[in-house]
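Residue numbers (the UniProt record's numbering): 1 to 207.
Hints are computed from structural coordinates only; laboratory data are not their basis.
Just so you know, not all the hints are guaranteed correct.
[Stated by the list, open to error] Straight line, CA to CA, 25 Å or less: simulated SDA-like cross-link-like pairs of lysine to any residue: (1) Lys187 to Ala70; (2) Lys66 to Arg44; (3) Lys132 to Met99; (4) Lys121 to Pro68; (5) Lys168 to Ala70; (6) Lys132 to Ala70; (7) Lys187 to Gly147; (8) Lys135 to Leu100; (9) Lys80 to Leu155; (10) Lys74 to Gln144; (11) Lys187 to Gln73; (12) Lys135 to Glu178; (13) Lys66 to Val84; (14) Lys74 to Val184; (15) Lys135 to Ile173; (16) Lys74 to Asn126; (17) Lys132 to Ile72; (18) Lys187 to Leu93; (19) Lys132 to His176; (20) Lys132 to Arg63; (21) Lys168 to Ala120; (22) Lys121 to Pro58; (23) Lys66 to Phe125; (24) Lys131 to Pro87; (25) Lys135 to His176; (26) Lys187 to Thr81; (27) Lys128 to Lys10; (28) Lys121 to Met75; (29) Lys135 to Val84; (30) Lys131 to Glu35; (31) Lys131 to Leu155; (32) Lys80 to Leu93; (33) Lys74 to Gln114; (34) Lys10 to Leu24; (35) Lys128 to Arg63.
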Amino acid sequence: MRIKMVSAKKIALGVVLFIIAIWLLSGVYIVHPEEEGIIRRWGRYYTSQDPGIHYHIPWPVERVDKPPIAKIQKMEIGFKTIRVGPPAVYQDLEEESLMLTGDINIVDLWFIVQYRIKDAKAYLFNVKHIKKTIKDAAEAAMRQTIGDRGVDEALAIGKEEIQDAAEKRLQRILDHYESGIHVVTVKLQDVHPPGEVKEAFEGVASA
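Please work from the sequences and hints to get the whole structure.
Here it is in structure tokens:
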């Protein structure tokens, strides 16, 4: 009976030690070359780590985030890619794409924003919903830019200027939020009159 009790205690101790070992080993992590390791201790910023193999105190004391600081990320505004193709299929998101020009006309505008993380700590801690913030800021920047121009400039002659102006506006907004985001480029994908007036507009243009 005594032998059985001793054996049971040894088994229980072995199980506990095994669980502790697994918990300790869970603190080993790898930061890849395109990433930066950000350690949170009790939910707050603690330190940053360069690429390589590292160790942190396991959850719940510490956790690691590894934002891809070298990756160029892309966001679509005004449309959504349904299928890359070929042929590619897109969905028009009118609540984002319909914009008012300075001469009180409406254009249906699709554009993309390419960006990267320039400050991983700011990216993780300064803005709560970062992707929504980027999208809202990009839409606001483009609406302001289109609102400064007439419909002819928006549809034809002012593409490069619109892209540059919107990019600068967007960067200023994101810097104001201390978001840790660098805007690589803003690119217009398609600008045209809304569907219900497109045919009439094209008829006037070709006359």
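Tested hints:
| no. | hint | result |
| --- | --- | --- |
| 1 | Lys187 to Ala70 | 20 Å, holds |
| 2 | Lys66 to Arg44 | 15 Å, holds |
| 3 | Lys132 to Met99 | 19 Å, holds |
| 4 | Lys121 to Pro68 | 12 Å, holds |
| 5 | Lys168 to Ala70 | 21 Å, holds |
| 6 | Lys132 to Ala70 | 21 Å, holds |
| 7 | Lys187 to Gly147 | 17 Å, holds |
| 8 | Lys135 to Leu100 | 18 Å, holds |
| 9 | Lys80 to Leu155 | 21 Å, holds |
| 10 | Lys74 to Gln144 | 21 Å, holds |
| 11 | Lys187 to Gln73 | 13 Å, holds |
| 12 | Lys135 to Glu178 | 15 Å, holds |
| 13 | Lys66 to Val84 | 28 Å, violated |
| 14 | Lys74 to Val184 | 10 Å, holds |
| 15 | Lys135 to Ile173 | 11 Å, holds |
| 16 | Lys74 to Asn126 | 21 Å, holds |
| 17 | Lys132 to Ile72 | 17 Å, holds |
| 18 | Lys187 to Leu93 | 17 Å, holds |
| 19 | Lys132 to His176 | 16 Å, holds |
| 20 | Lys132 to Arg63 | 24 Å, holds |
| 21 | Lys168 to Ala120 | 21 Å, holds |
| 22 | Lys121 to Pro58 | 20 Å, holds |
| 23 | Lys66 to Phe125 | 13 Å, holds |
| 24 | Lys131 to Pro87 | 28 Å, violated |
| 25 | Lys135 to His176 | 15 Å, holds |
| 26 | Lys187 to Thr81 | 15 Å, holds |
| 27 | Lys128 to Lys10 | 48 Å, violated |
| 28 | Lys121 to Met75 | 21 Å, holds |
| 29 | Lys135 to Val84 | 21 Å, holds |
| 30 | Lys131 to Glu35 | 18 Å, holds |
| 31 | Lys131 to Leu155 | 28 Å, violated |
| 32 | Lys80 to Leu93 | 7 Å, holds |
| 33 | Lys74 to Gln114 | 5 Å, holds |
| 34 | Lys10 to Leu24 | 21 Å, holds |
| 35 | Lys128 to Arg63 | 18 Å, holds |
Consistency note: the structure conflicts with the earlier hints numbered 13, 24, 27, 31.
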